[in-house]
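Student: Starting from the given sequences, assemble the full structure and let the hints guide the process.
In the order they appear, the protein sequences are chains A and B. Be aware that the first sequence starts at 1, since it is given in the numbering used here, and climbs by one per residue. Be aware that the second sequence starts at 1, since it is given in the numbering used here, and climbs by one per residue.
If you are wondering where the hints come from, they were derived from the structure by calculation, not from laboratory data. Hints are not guaranteed to be accurate.
[Said to hold, decoys possible] Computed Cβ-Cβ distance ranges for the label pairs, DEER-style:
no., chain 1, residue 1, chain 2, residue 2, range
1, B, PRO176, A, ILE94, 38 to 44 Å
2, B, ASP153, A, GLU48, 20 to 26 Å
3, B, ILE94, A, PRO134, 46 to 52 Å
4, A, ARG70, B, ASP49, 37 to 43 Å
5, B, GLU16, A, SER43, 39 to 45 Å
[As the list claims (entries may be wrong)] For the chain A half of the interface with chain B, some residues (derived, Cβ under 7 Å), not all of them:
no., residue
6, ASP30
7, LEU42
8, THR159
9, VAL185
No experiment lies behind these values; they were computed from the predicted model shown. We put the beta carbon where it would ideally sit given N, CA and C, even for glycine.
Here's the letter readout for the chains.
There are 2 protein chains.
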Amino acid sequence: MRQFVVIGHDAPTTPEFSLDDLAGAAGRLDVLCRCVTSAFFLSHAIREDVRIHLVLADEYTVTFDGNNLRRLNPDERSTGALVRNALEERAEAIGHIPVETSPGVSLTRRGFEATLDAISREGSVVQLHEDGDPAIEVSPPTNPVFVLSDHHDFAAEETALVDEHATQRLSLGPEPLHADHAITVAHNYLDTVGFTEY
Amino acid sequence: MRQFVVIGHDAPTTPEFSLDDLAGAAGRLDVLCRCVTSAFFLSHAIREDVRIHLVLADEYTVTFDGNNLRRLNPDERSTGALVRNALEERAEAIGHIPVETSPGVSLTRRGFEATLDAISREGSVVQLHEDGDPAIEVSPPTNPVFVLSDHHDFAAEETALVDEHATQRLSLGPEPLHADHAITVAHNYLDTVGFTEY
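Tutor: This is the structure in structure tokens:
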């Protein structure tokens, strides 16, 4: 399985936002929506053995699981609606028990550290870094977990957490990429090196 | 310079479409908008020596030129607005003379064949194909022009035109990608092979 964690620093934690203003009042939810599209869509199929976890303002995490996912379309607006639906059920998310809010989409009341702790038990955390080993020269880990940030850089304490959990530090190329583009390149890297255990 | 041509088979040719329904009544303009974002955005910068040409229903071509581009944001909706603005000036586009409709964005009254004819004089047309040479094993051409299709496959006559103009046939990986993801991977390929002449 391939997993992605994306930190949405300014992302909404309540469903009172407009789908017409994802890039504005919704705290750049457009970035997170594009990450979901990059994580799952192939030309005429969905990548099934993939999960993406959107961390909303360090308070909730919305997880999309390719094995059960339904009703996902590639445009930002419809993905934003799935996140909004998930936030409508936030009162049901008690402790760290996820609530399924639509097929393949669940909401958990946990922030970045708790999400990273949980996922690092299921796979190998990869830190993307400009000084990392060039990805194309390295064999990828089994069950990689890529950690990304939205339009903001990682905060110092977030970087420290990634450092602590990461087993590998990779560079995807010489140019700094948007999170959704990094997901696309990471998939292509894993596809191209013939990584068969995902 | 790197160039991309994207065919929008169902794309609008008049500005009477809603930015709230890019993936529906606007003929999947969301796909073309994401292609623009993939063509230009780096993490905190715009790729300047890039052009992308959106062919709208074989009637108009809207060109975004990174050297002059202003007012581009990464979300689909704002890019859709630039395309809509361009279509508002369509009466000014006479013959094959482009009309600049906002800084770095121009509209030309020409379809796929005329656009491909013009651009193939400025660069080397690359055909992306599952049976092409794996990109990572091949040196890219100088001034590559990648030709892509929206959510539909190329029509037979479009494939014939690409065949006729292409100097190289490449595969970007084993999985068939959405056009915007293919642009991201193509950029990463060109970045990573240290292609310096763009």
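Student: Could you say whether the range 20 to 26 Å given as a hint is met by the Cβ separation of ASP153(B) and GLU48(A)?
Tutor: holds (23 Å)
Student: Do ARG70(A) and ASP49(B) keep their Cβ atoms within the hinted range of 37 to 43 Å?
Tutor: Given range 37 to 43 Å: holds, Cβ gap about 42 Å.
Student: Within 38 to 44 Å: is that where the Cβ-Cβ distance between PRO176(B) and ILE94(A) falls?
Tutor: holds (42 Å)
Student: Are GLU16(B) and SER43(A) spaced within 39 to 45 Å by their CB atoms?
Tutor: violated (30 Å)
Student: So, THR159(A) near chain B? Judge it on the closest CB pair being under 7 Å.
Tutor: violated (15 Å)
Student: Using 7 Å as the Cβ threshold, decide whether ASP30(A) counts as touching chain B.
Tutor: Given a least distance of 4 Å, the restraint on ASP30(A) holds.
Student: Under 7 Å is the threshold here; is the Cβ of VAL185(A) close enough to any Cβ of chain B for the hint to stand?
Tutor: holds (5 Å)
Student: Can you verify the interface hint for LEU42(A): is its Cβ closer than 7 Å to any Cβ in chain B?
Tutor: holds (5 Å)
Student: If I claimed the Cβ atoms of ILE94(B) and PRO134(A) lie 46 to 52 Å apart, would that claim hold in this structure?
Tutor: Given about 50 Å between the Cβ atoms, the range holds.
This entry does not satisfy hints 5 and 8, going by the numbered hints stated previously.
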